[in-house]
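> Chain by chain, the residues run as shown.
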Amino acid sequence: MARKLIGAIAVPIIAIAASVAAGAVFIAAIGQSPALVYGMLLKGTFGNFYGVGQVLFKATPLIFTGLAVALAFKAGLFNIGAEGQLYIGAFAVAWVGFSFPSLPGFALVPLCILAGAAGGALWGAIPGYLKAKFGAHEVINTIMLNFIAMALTGYLVTYVYFVPETVHTQRIATQAQIPRLEQFWPAFRGSPVNVSFFLALGIAVAVYLFLQKTKFGFELRAMGLNPSAAEYGGIGLGSGVITAMTLSGALSGLVGVDFVMGYKHYYEGGFSSGIGFMGIAVALLGRNHPLGVVLAALLFGALSYGGLVINAIVPKELVDILQAIVILVVIAGTNVFGKLALSLRRGSQWIG
Amino acid sequence: MFPPHDAPSISPSVPCVRMEGISKRFALVKANDCVDFSVHAGEIHALVGENGAGKSTLMRILYGMYRADSGRILIKEKPIEIRSPAGAISLGIGMVHQHFMLIPPLSVAENVVLGSEPVSAGFVLDRKGARERITELSQKFGLAVEPDALVERLSVGAQQRVEIVKILFRGAELLILDEPTAVLTPQETEALFAVLRKLKEQGKTIIFITHKLSEVMEVSDRVTVMRRGKVVGVLNTRETSTEELATLMVGRKVLLEVEKGPAAAGKVVLELSNVFALGASKVHKLNGISLSVSSGEILGIAGVEGNGQTELVEVITGLRKPTSGVVRLLDRDITSLSPREILKLGVGHIPEDRQKRGMISGFSVAENLILGSHFNPPYAGRLWLERQSVLENARNVLDRFDIRPQAPQLPAGSLSGGNQQKLVVARELSRNPVLLVASQPTRGVDIGAIEFIHRSLIKQRDRGCAILLVSADLSEILSLSDRIAVIYAGRIAGTIDAGKADEKELGMMMTGVL
Numbered sequence: 001m002a003r004k005l006i007g008a009i010a011v012p013i014i015a016i017a018a019s020v021a022a023g024a025v026f027i028a029a030i031g032q033s034p035a036l037v038y039g040m041l042l043k044g045t046f047g048n049f050y051g052v053g054q055v056l057f058k059a060t061p062l063i064f065t066g067l068a069v070a071l072a073f074k075a076g077l078f079n080i081g082a083e084g085q086l087y088i089g090a091f092a093v094a095w096v097g098f099s100f101p102s103l104p105g106f107a108l109v110p111l112c113i114l115a116g117a118a119g120g121a122l123w124g125a126i127p128g129y130l131k132a133k134f135g136a137h138e139v140i141n142t143i144m145l146n147f148i149a150m151a152l153t154g155y156l157v158t159y160v161y162f163v164p165e166t167v168h169t170q171r172i173a174t175q176a177q178i179p180r181l182e183q184f185w186p187a188f189r190g191s192p193v194n195v196s197f198f199l200a201l202g203i204a205v206a207v208y209l210f211l212q213k214t215k216f217g218f219e220l221r222a223m224g225l226n227p228s229a230a231e232y233g234g235i236g237l238g239s240g241v242i243t244a245m246t247l248s249g250a251l252s253g254l255v256g257v258d259f260v261m262g263y264k265h266y267y268e269g270g271f272s273s274g275i276g277f278m279g280i281a282v283a284l285l286g287r288n289h290p291l292g293v294v295l296a297a298l299l300f301g302a303l304s305y306g307g308l309v310i311n312a313i314v315p316k317e318l319v320d321i322l323q324a325i326v327i328l329v330v331i332a333g334t335n336v337f338g339k340l341a342l343s344l345r346r347g348s349q350w351i352g
Numbered sequence: 001m002f003p004p005h006d007a008p009s010i011s012p013s014v015p016c017v018r019m020e021g022i023s024k025r026f027a028l029v030k031a032n033d034c035v036d037f038s039v040h041a042g043e044i045h046a047l048v049g050e051n052g053a054g055k056s057t058l059m060r061i062l063y064g065m066y067r068a069d070s071g072r073i074l075i076k077e078k079p080i081e082i083r084s085p086a087g088a089i090s091l092g093i094g095m096v097h098q099h100f101m102l103i104p105p106l107s108v109a110e111n112v113v114l115g116s117e118p119v120s121a122g123f124v125l126d127r128k129g130a131r132e133r134i135t136e137l138s139q140k141f142g143l144a145v146e147p148d149a150l151v152e153r154l155s156v157g158a159q160q161r162v163e164i165v166k167i168l169f170r171g172a173e174l175l176i177l178d179e180p181t182a183v184l185t186p187q188e189t190e191a192l193f194a195v196l197r198k199l200k201e202q203g204k205t206i207i208f209i210t211h212k213l214s215e216v217m218e219v220s221d222r223v224t225v226m227r228r229g230k231v232v233g234v235l236n237t238r239e240t241s242t243e244e245l246a247t248l249m250v251g252r253k254v255l256l257e258v259e260k261g262p263a264a265a266g267k268v269v270l271e272l273s274n275v276f277a278l279g280a281s282k283v284h285k286l287n288g289i290s291l292s293v294s295s296g297e298i299l300g301i302a303g304v305e306g307n308g309q310t311e312l313v314e315v316i317t318g319l320r321k322p323t324s325g326v327v328r329l330l331d332r333d334i335t336s337l338s339p340r341e342i343l344k345l346g347v348g349h350i351p352e353d354r355q356k357r358g359m360i361s362g363f364s365v366a367e368n369l370i371l372g373s374h375f376n377p378p379y380a381g382r383l384w385l386e387r388q389s390v391l392e393n394a395r396n397v398l399d400r401f402d403i404r405p406q407a408p409q410l411p412a413g414s415l416s417g418g419n420q421q422k423l424v425v426a427r428e429l430s431r432n433p434v435l436l437v438a439s440q441p442t443r444g445v446d447i448g449a450i451e452f453i454h455r456s457l458i459k460q461r462d463r464g465c466a467i468l469l470v471s472a473d474l475s476e477i478l479s480l481s482d483r484i485a486v487i488y489a490g491r492i493a494g495t496i497d498a499g500k501a502d503e504k505e506l507g508m509m510m511t512g513v514l
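Chains as they are written, first to last, in my numbering: chain F, 1 to 352; chain P, 1 to 514.
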């Protein structure tokens with residue numbers, strides 16, 4: 001048990017240490033003190049409640065997309081489409097939120113959340129279905145669906161549901177908005193972190209229970225580790241692929257709960273700017289374990305906000321370097337691309 | 001054949017390689033415990049022992065892949081140190097691994113020269129020279145290889161020949177072959193033995209790791225037997241017998257012959273009529289196959305591999321859909337049912353390739369033991385897995401089938417090959433199937449486990465289970481079956497009573513002569 005744990009966290013720890021060390025070299029190279037910059041980074045992010053709030057705010061959507069990618073990974077699928085799925089999901093949240101203003105909050109809030117999950121699920125189910133039916137590789141299809149999702153939501157927000165002179169929709173009904181944490185803990189004042197953070201934590205627990213304790217999770221993991229043996233064990237690969245991609249998409253779609261219901265209260269074109277892709281890095285660093293995903297999301301959230309904190313003395317691109325090195329070391333340490341190459345080569349062989 | 005040229009244990013000839021007092025420990029296991037081992041120049045030396053006896057470890061130490069904790073290695077009575085495979089190669093020691101170390105998209109010649117590329121003008125790869133050397137080697141030793149063929153297109157037997165050419169190309173005088181026949185058909189095995197004899201004639205020395213005793217008797221000059229990390233005997237092949245070797249290997253008397261009473265065949269359980277099916281390469285591999293198996297009998301399917309056995313098994317278990325024909329189980333048409341529905345009807349399946357199909361090495365032993373019944377009570381309700389009954393089942397089965405170590409939480413991939421196979425067999429038998437499809441049930445398994453698996457199959461038969469046994473090992477078919485059906489080119493060439501079976505006649509049917 002202890003050895004297993006060490007095996008699981010060794011690579012991420014090395015990755016973080018390596019990126020801190022390399023970052024120090026860059027900081028020194030531009031004539032600053034690494035100790036000073038890192039001190040500032042730590043103090044600005046975890047040193048006060050506002051900073052913590054900002055970190056949690058940045059981490060929330062990353063938990064959703066990280067879980068989405070991790071769940072697909074567990075089933076042996078590479079979901080590169082979290083970005084597209086979250087756009088569709090977020091738009092669905094907003095649409096339900098402003099289309100049914102007469103519904104009471106206790107009905108509208110769950111409805112909005114379900115709409116987000118359903119939108120993402122739909123966008124995930126499409127490549128799942130294509131793989132199950134025709135053996136089309138999900139990497140290609142999820143990437144292509146990202147563009148379609150952006151174009152589709154872009155069209156909707158520009159021509160159909162728009163507030164003149166803006167790129168966002170009208171506001172969702174007040175009773176569909178969820179509270180910020182500052183309403184309960186004034187210490188978080190000014191930070192847009194909201195209760196969807198707790199939804200994210202709850203979903204992480206749910207994903208863990210689903211994968212490890214249910215028979216459906218058993219089937220998805222079996223499929224991910226050895227599809228031939230899973231098929232032999234009476235597990236339908238086609239329906240498994242569709243299920244996994246649908247669930248993965250649903251998790252991505254929940255990003256809309258945070259952004260639309262908890263933060264802006266409307267849908268805005270292009271709001272994500274890569275949260276879906278960052279989810280891949282979060283899942284990698286978190287070793288596809290829900291707890292790991294939460295921790296990795298917090299780290300990436302801290303780096304993302306920390307970039308703004310240290311921008312006064314070093315360019316905020318420094319944190320991009322740190323993130324990139326973390327990702328590189330994790331990839332080198334886990335042979336993800338070897339697996340991807342193998343899966344692309346085998347492609348459609350195991351289905352149909 | 002020439003008589004083995006070697007003398008008894010007090011040999012006047014100088015051993016070409018001697019390993020003295022070799023010990024090697026992995027975590028909790030003493031893989032080699034003060035082992036003395038020696039090989040004489042120009043002999044074929046068999047190294048036998050059950051899985052986990054320490055044969056491969058000893059050879060990996062000789063090949064420089066592991067360092068021994070203590071002991072020394074002498075070549076021609078001179079102590080030397082072997083720090084790496086490269087060092088071993090420079091001393092003239094070459095090894096062919098069980099899993100080939102070839103690069104499939106490259107040609108035979110490219111694979112052979114890899115790591116020791118001949119160059120002309122200082123840096124240009126000398127392809128012509130390489131091809132010539134390869135052709136020369138392949139003629140000298142009777143190793144049929146085509147230098148320009150792509151390795152990925154070659155059969156397993158041909159890939160193995162490429163491996164042998166590769167180590168000869170690097171100047172090996174001592175060749176270590178790690179279970180070379182485990183992956184070969186009987187015909188390929190014969191061809192390999194011819195090569196080994198040729199190599200010996202030309203003065204090469206060969207160490208041959210195996211646990212198939214008939215092969216030891218057929219091809220080797222001397223045998224070293226290992227058990228639990230120790231050498232328990234060094235014998236001249238001429239002066240021993242399979243029974244003696246088996247007893248040494250296992251440490252107790254082993255029944256090589258299966259004891260079984262007459263079959264009490266009951267009603268027909270499985271019936272195939274005129275089934276056609278495509279193979280993986282989209283050509284018809286089953287061409288109108290018809291057969292039936294009754295409860296309480298074992299029908300053996302004999303045949304050269306690749307004549308439709310794989311497809312036959314997959315069609316019965318629902319993993320492959322026939323293009324026409326009907327499969328019936330207890331008078332019910334199951335042709336279009338899914339694998340899960342067929343499992344639920346009580347069909348057990350020991351697949352031919354346990355790594356690929358039979359188990360999930362990343363799953364725990366306990367999880368593997370419920371694969372295929374994980375969706376049913378008592379292992380699962382509507383949603384949740386029942387952890388307690390999953391573990392209880394594992395403890396139960398591990399104990400009943402004596403699978404070691406008895407640790408339900410361990411990843412199945414960390415078990416030895418023999419125990420992995422026992423895991424698969426145990427899972428399928430513990431389901432108490434009405435029909436058991438057993439494909440190569442003892443492939444790559446040591447003698448003790450073979451005996452156990454054979455007895456378990458007979459026990460299932462006597463319980464009333466209908467068994468379809470597919471095996472490339474003709475002696476297994478002969479000793480277990482009640483009736484034998486020969487498959488050739490996707491059809492049943494004939495069915496005979498096992499009592500009247502004659503190996504010659506079967507062989508002719510298997511090759512399509514009869």
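Please keep in mind that the hints were generated in silico from the structure rather than gathered at the bench.
Computed from a prediction, not measured in an experiment: that's the story for all the values here.
Errors might be hidden in some of the hints.
[Unchecked claim] Simulated pairs of lysine-lysine, DSS-like, Cα-Cα distance not exceeding 25 Å:
no.	chain 1	residue 1	chain 2	residue 2
1	F	Lys-316	F	Lys-43
2	P	Lys-356	F	Lys-133
3	P	Lys-128	P	Lys-140
4	P	Lys-230	P	Lys-78
5	P	Lys-459	P	Lys-267
6	P	Lys-212	P	Lys-267
7	P	Lys-500	P	Lys-260
8	P	Lys-504	F	Lys-133
9	P	Lys-356	P	Lys-321
10	P	Lys-200	P	Lys-212
11	P	Lys-504	P	Lys-282
12	P	Lys-267	P	Lys-500
13	P	Lys-344	F	Lys-213
14	P	Lys-30	P	Lys-282
15	P	Lys-356	F	Lys-215
16	P	Lys-344	F	Lys-215
17	P	Lys-140	P	Lys-198
18	P	Lys-282	F	Lys-133
> Decide, hint by hint, whether the structure agrees.
Now for the hints, and whether the structure bears them out:
Between Lys-316(F) and Lys-43(F), the direct Cα distance comes to roughly 16 Å. Compliance with the 25 Å bound is thereby established for this hinted pair. Distance hint between Lys-356(P) and Lys-133(F) is fulfilled; the C-alpha atoms sit about 23 Å from each other, no more than 25 Å. Proposed proximity of Lys-128(P) and Lys-140(P) is supported: the alpha carbons are some 18 Å apart, at most 25 Å. Restraint check: the Cα-Cα separation between Lys-230(P) and Lys-78(P) comes to about 24 Å, which is no more than 25 Å; the hinted pair holds.
Our distance criterion of 25 Å between C-alpha atoms is met by Lys-459(P) and Lys-267(P), whose separation comes to about 18 Å. Restraint check for Lys-212(P) and Lys-267(P): the C-alpha separation of about 37 Å exceeds 25 Å, so the hint is violated. Between the alpha carbons of Lys-500(P) and Lys-260(P) the distance comes to roughly 16 Å, so the proposed pair stays at or under 25 Å and holds. At roughly 48 Å between alpha-carbon atoms, Lys-504(P) and Lys-133(F) are farther apart than 25 Å, so this suggested pair is violated.
Pair hint Lys-356(P) plus Lys-321(P) holds up; C-alpha atoms about 19 Å apart against a cutoff of 25 Å. Only pairs whose Cα atoms come within 25 Å are accepted, and Lys-200(P) paired with Lys-212(P) is accepted, the gap being roughly 20 Å. With a C-alpha separation of about 33 Å, the suggested pairing of Lys-504(P) with Lys-282(P) is violated against the 25 Å cut-off. Note on Lys-267(P) and Lys-500(P): the hinted pairing holds, with a Cα-Cα distance of about 23 Å set against a maximum of 25 Å.
Using a Cα cut-off of 25 Å, the hinted pair Lys-344(P) and Lys-213(F) holds, with the two alpha carbons roughly 22 Å apart. As the CA atoms of Lys-30(P) and Lys-282(P) are separated by approximately 49 Å, the hinted pair breaks the 25 Å bound. Annotation: proposed proximity of Lys-356(P) to Lys-215(F) holds, straight-line Cα distance about 22 Å (limit 25 Å). For the hint pairing Lys-344(P) with Lys-215(F), the CA-to-CA distance comes to about 16 Å; that is within 25 Å, so the pair holds.
Between Lys-140(P) and Lys-198(P) the CA atoms are separated by roughly 8 Å; this keeps the pair inside 25 Å, and the hint holds. Straight-line distance between C-alpha atoms of Lys-282(P) and Lys-133(F) comes to about 18 Å, which keeps the hinted pair within the 25 Å bound.
Checked against the numbered hints given earlier, this structure breaks hints 6, 8, 11, 14; the rest are met.
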